[in-house]
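Dock chain to chain to rebuild the complex, using the hints, since each chain is given by itself in its own frame.
In order, the protein sequence lines correspond to chains A and B. The letter at position 145 of the first sequence is residue 145 when you use this note's numbering, and the numbering goes up by one with no holes. The letter at position 70 of the second sequence is residue 70 when you use this note's numbering, and the numbering goes up by one with no holes.
It is worth saying that the hints were derived from the structure and are not from the lab. The reader is advised that the hints may include incorrect statements.
[As the list claims (entries may be wrong)] If you want a taste of the chain A side facing chain B, the calculated C-beta under 8 Å gives, among others:
hint	residue
1	E46
2	T47
3	H49
4	V62
5	K63
6	V70
7	R132
8	A136
9	V158
[Said to hold, decoys possible] FRET-style restraints, in silico, Cβ to Cβ:
hint	chain 1	residue 1	chain 2	residue 2	range
10	A	A5	B	A226	50 to 58 Å
11	A	E122	B	D68	44 to 52 Å
12	A	C105	B	D227	40 to 48 Å
13	A	E122	B	A251	53 to 61 Å
14	B	G206	A	C142	50 to 58 Å
15	A	T7	B	G142	31 to 39 Å
[Stated by the list, open to error] Pairs of lysine-lysine, DSS-like flavour, derived with a Cα cap of 30 Å:
hint	chain 1	residue 1	chain 2	residue 2
16	B	K207	B	K188
17	B	K56	A	K76
18	B	K188	B	K282
19	B	K60	A	K76
20	A	K6	B	K42
Using N, Cα and C, we set each Cβ at its ideal position, and we do this for glycine too.
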Amino acid sequence: MSNPAKTRVTINVNGKDLSAEIEPRTLLIHFLREHHNLTGPHIGCETTHCGACTVDLDGRSVKSCTLFAVQAEGAKVVTIEGMANADGSLHPLQAAFAEHHGLQCGFCTPGMITRAYRLLQENPNPTDEEIRFGIAGNICRCTGYQNIVKAIRSAAQVMAGQPRKEAAE
Amino acid sequence: MIPGRFTYHRPGSVGEAVKLLASLGEEARPLAGGHSLIPMMKLRLAQPEHLVDLGKLGLKGIRAEGADIVLGAITTQAEIIDSALLRERAPILQEAAQVIADPQVRYQGTIGGNVANGDPGNDMPGLMLCLDARYSLTGANGSRQVAARDFYEAAFFTKLQPGEILTEIRFAAPAAGHGWAYEKLKRKIGDYAVAAAAVVLTMSGGKCNGASIALTNVAQTPLLAADAAKALIGTAVDDAAIDAAAKAAIAISDPTTDTRGPVEYRRSVLGVMVRRAIARAKTRAR
Ligand SMILES: Cc1cc2nc3c(=O)[nH]c(=O)nc-3n(C[C@H](O)[C@H](O)[C@H](O)COP(=O)(O)OP(=O)(O)OC[C@H]3O[C@@H](n4cnc5c(N)ncnc54)[C@H](O)[C@@H]3O)c2cc1C
Ligand code: FES
Ligand code: FES
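Extracted from the complex, chain B is given alone in its bound form (with noise of 0.2 Å):
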């Protein structure tokens, strides 16, 4: 399999790679670590005219600035997986990073490949919604921030315009002694998830006083289930807290049949990974 032709660019600098993307028009594709990209060219659901390169944009790296994280686009999921920062402030990123795909892609796919690829099987989109983190754009007419809760609009549609690179994805670390969880089920290593979960919560005196939780792969879109993390403010997240927040999550979702099963098992197996994820997030809340 081979993809069809192209002409290469390797641009050393954003501005330079936005005019080039610019005045290519829009046959023209960025390139980051091609491992969603690749496969579609070689199955011909994409064939871009040029392909301009994202590797040598010094867009690489996380760093702490002031109370949020900063990741560089470039970023690859084992650079992800490697950062003792994120061990620290952010570890759900760690851990759903782990369970993208294998060794060998991990070190090639990027943070920023995966939030603006717009594939609901996608990982890393779901737990951008849930950490409510912001992209920054940069176009040929200037740079402008898009929530992550906003930018998703179907499949393989995203507020990202042609002509336009992601530089940087920004969040607020979530506060000291949070707990957190992705709960994924795949059927296979190299697998897109049947439906995954992602928690982010706090507790104080035993009870529940901020909660975030969001849905991968289980509708046209990563989902945010504010319904299902209201359900567990002011609780001690007891079974009873669990159960409304997994009914809660079900009832947003909105997954097609496909080859990882009908649409009554992957709401089902939602439901799991909820319950899974909020129980496992509460075991490591301080």
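Chain A on its own, in the form it takes in the complex (with noise of 0.2 Å):
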């Protein structure tokens, strides 16, 4: 099989452009981690199944073991990296998974919380239901959930101005 010619592809990631000079086989997931060395998003599986790799494409989730560099060319993405405000305090959901212990080991962390980002964009005020359907593509393997329900439940109400309920509620 041939060599096919590597290509310079850039993607606008938390706010900057980033580019390489990559083969087109290239995932989204290397060319973050291995270009630019945002270790954030995370690799669990590499087959699509457990979301640690979730990172915001043009405003979708989207698991990027599971998509070629090439095919974001030009769009907005946003990892985990990009989520705290630009002073350097936590977003409310970075802020929430700490209070309420959602998380323990912290590898599907950053697929978690950039995964709930988008659902509460899109929803801001989810029954719990609405959140476990919205974050089953992130698999967690310590917590059980709970707490992560919990903690993005919370962030939603930060989100929305109320007052923060208790953490042990």
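What follows is the structure, encoded as structure tokens:
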């Protein structure tokens, strides 16, 4: 088989245009992790099941292990590295995950939070059932999900400007 | 897991895309959402030398054309779930799309890729049989229409010729007041069906006067269960009629034993799916 030429791909990641000379078969997750040292999105399964590699792409949550970087040419991507506020303070979702013990080992967390971010953009006041349906593409092997759901619910309240509920409700 | 090497093409029109596919020959494959193709490429079950990205051909969107509903091939499952037009005229598509994989896969996977793929596990082909949809296929020598009911030949073998692109899907919207249901049993989120059934029916004066039933993942291809539908016509869709329909559906099924269970189990589950889908469709019919 011939060795196809590399191409230059530019993707706007967390507000900055990032480029690299890559083979077309380079997956978006490798563009982020290997070429730009954005190691927040994790590689869990590589088979489109676990969601650890989830990033936001043009307003959709996608599994970056199952997308070629060339497909994302010109797109706007947000990774977990782009979630915190400009002054370094945590995004309400990040704060809520910490406060409500929404993580243990933390491996699933970047994907969980980027997915929850898009879920709350589309549905700012979800029920617990809607949260569970909305994060069904993200697997967590530690928490049992209870505290993840709690954290997302709490972040939704904070983002809507409502007073925070106590962590141990 | 990294797919094999290929050259990437991103044409800007259908004409350009079919010309490219024709000149590149058999080693070129269309790329839509990539959520069946990329996993297959990672496993070397597919090793295309060229990928022709269909993303910029303007094949997106859902519209009504007279009595028909038309779906552009690149319309995603997520867009189907969000569509106000489908909610009103053909909500069965939304019910089926919601049980496909997970949110991330539904943002990326397209209706055209789902029906063109040819995997008996795909959910949309059965639905297209149920709705008697037609596919528009365009190649270097022009366009043609193929009925979904004639499209599927065997697992991963369809009427789609190398070099052809499926551009849109068209079906007559089911009658106003129709009942519908898509019932699927899967072991977990992200799994294909153990068995699934699509039902559309209409009732008048307490009797069923129209029905269509199709089955997913219980044979090499999706199946139109014509005898099962016939068993409902003229009845009040009572237990006896539902029973007869389930038996007729099981009779044409031909599942294999796999990780989803032995043949007997999958046939039995199919009966349950057909029963549930008919019962639910009946409660929704006006
Ligand atoms: C974890 C996971 C779980 C899944 N679960 C389900 C499920 O339960 N049910 C289900 O139905 N699907 C499931 N899928 C498959 C998913 O729905 C795919 O997105 C879909 O089957 C293919 O659509 P695509 O747009 O991604 O196509 P692609 O992967 O891009 O293409 C698939 C095939 O069709 C061809 N093709 C695509 N579009 C066209 C076109 N317009 N014209 C001609 N040829 C074309 C390609 O060349 C390729 O051979 C799952 C996928 C994953 C990753
Ligand atoms: S690494 Fe992408 S879904 Fe698991
Ligand atoms: S916190 Fe360990 S996998 Fe979720």
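(message) If you test the structure against every hint from before, which numbers come out violated?
(response) Numbers 7, 9, 11, 12, 13 and 16, in rising order.
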